[in-house]
Amino acid sequence: MKIPVSFTLSALWVATALTGAFAADVPPGTALAERQTLVRHLKDEPASLDPAKAVGLPEIQVLRDLFEGLVNQNEKGELVPGVATQWQTNDNRIWTFTLRDNARWSDGTPVTAQDFVYSWQRMVDPKTTSPFAWFFALAGLANAQAIIDGKLAPTQLGVSAVDAHTLKVTLDKPLPWFPSLAANAALYPVQKANVEQGGDWTRPGKLVGNGAFVLQDRVVNEKLVLTPNTHYWDNAKTVLTQVTFLPVNQESAATKRYLANDIDITESFPKNLYQKLKKEIPDQVFTPPQLGTYYYAFNTQKGPTADPRVRLALSMTIDRRLMAEKVLGTGEKPAWRFTPDVTAGFTPAPSEWEQVSQQELNAQAKTLLQAAGYGPARPLNLTLLYNTSENHQKIAIAVASMWKKNLGVEVKLKNQEWKTYIDSRNTGNFDVIRASWVGDYNEPSTFLSLLTSTHSGNIARFNNPDYDKVLQQAAQENSAKARNDDYNSAERIISTQAPIAPIYQYTNGRLIKPWLKGYPINNPEDVAYSRTMYILKH
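In mature numbering (1 follows the signal peptide of the UniProt record, and there is no 0), the protein residues as written are -23 to -1, 1 to 515.
It is possible that some hints are incorrect.
What the hints assert, rightly or not - DSSO-like, lysine-lysine: derived pairs with alpha carbons at most 30 Å apart:
| # | residue 1 | residue 2 |
| --- | --- | --- |
| 1 | Lys343 | Lys381 |
| 2 | Lys169 | Lys183 |
| 3 | Lys20 | Lys514 |
| 4 | Lys256 | Lys233 |
| 5 | Lys169 | Lys145 |
| 6 | Lys53 | Lys248 |
Simulated from the structure, these hints should not be mistaken for lab results.
Turn these sequences into a full structure, and let the hints guide you.
Shown next, in the form of structure tokens:
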């Protein structure tokens, strides 16, 4: 169910759910398989099952089954209750979460507010060396960065237990979307007694979690086997009796195992097999939109791209429809703005570029470039930098061809290995550079904040006081509509100043067996919990 979201200047904002959270929803009369066992593909072996030691998706996919945070997401990416049943704030800076009184660890003991206090303090403690400690600074928890830097004790973090079932969170600035951040695995609780027992507490038979499943067996580089947590507060709605995760880092190998019915769902598939798979098993190939944008960043500080007319002309002549449909052709969407269409809390204003033909855009671009002093007698020369990848190369060749054909631009393509590319990016040694961003959380600011003048992710080195001001204003808004208006204002500045050229919106291709139901295929962050899934009779 959707959490009601409304903001007013004087009233307390409360998000409350009195019913159960997102669980397996089996339609009446559905014929279920006798064996409710699911096999899921992981792209790699999880480095750790300790939320504080997780480094990427292989860990997070499993952690979502073993642990549960304050909030979860439903199939659309909307917030639903997790351990918390409601959350409230007066000023978007101090948040109070009310925890359900029937939340239990897998050993039967209660999950309390103090468990979250301990876990969050542990995450930012430099002694823990968590690779995700930075997320607490991003989330705005008071004193997080100072604690990470070793300047304050972990006990100074902006989180406290008012009582066993009330958690108070204090931020260093107002953040209306903090509850969205609370769904991140970095904020999952761990049991203090379990962690401090010594040894590897994440082993089968040792790990105590509060999620819908427990770890029954693990063979490194082979499998992880999970079974239902009978103490989970919503266990009665869990249908699956076993979930097995198989780490297979080669897409082609995982696809072969899928076709042999060894795997029920893959994390991906080779792009060069897309057309073949669509022809042979069309009802099993999915390319849902992902919360990510592929773009080119222009050097706004030096060289020809310091002129916004040049940047705008270059961006206009990228045929985004052609890129998405022909050059890529695996379900990607043209990016008419930086913020993806699937981003929660954002209603985009219509893009002028989307409403005119590519021929008209090309004509406008030619006029702009001539006004900037470039033409047949003085052609524009550029270097387009990308990190080594067949996909990046294919896109760069296509874009360079568009610029040459429509504007007469001479483009030198330059590919570099990742470390060298990062050095070039960090030093500003480029005219145009390939980039991308996949949201850290589902809210427009995860994208738009990248172009603020002080952001470390501002590859274009865009420095626009009006842009900074509108993003600062958005963070202070108490009205969802006002905040949406601010975000559209930011997008308009991007479209007129062109520090970047968004090219396409990401998709997340995967294969899913027709008998597997309940997978949230349209969740933009690809957040999936095994407890929502079930197997049809087949």
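Against the structure, the hints:
1. Only pairs whose Cα atoms come within 30 Å are accepted, and Lys343 paired with Lys381 is accepted, the gap being roughly 11 Å.
2. Between the alpha carbons of Lys169 and Lys183 the distance comes to roughly 13 Å, so the proposed pair stays at or under 30 Å and holds.
3. Distance restraint check for Lys20 and Lys514: the Cα-Cα separation of roughly 28 Å lies within the 30 Å cut-off, and the hinted pair is therefore satisfied.
4. Proximity of Lys256 to Lys233 is assessed by CA-CA distance (about 16 Å); at most 30 Å being required, the pair is judged to hold.
5. Of the supplied pair hints, the one linking Lys169 and Lys145 holds, its CA atoms being roughly 19 Å apart against a limit of 30 Å.
6. Of the pairs offered as hints, the one joining Lys53 and Lys248 holds, with about 25 Å between alpha carbons and a cut-off of 30 Å not exceeded.
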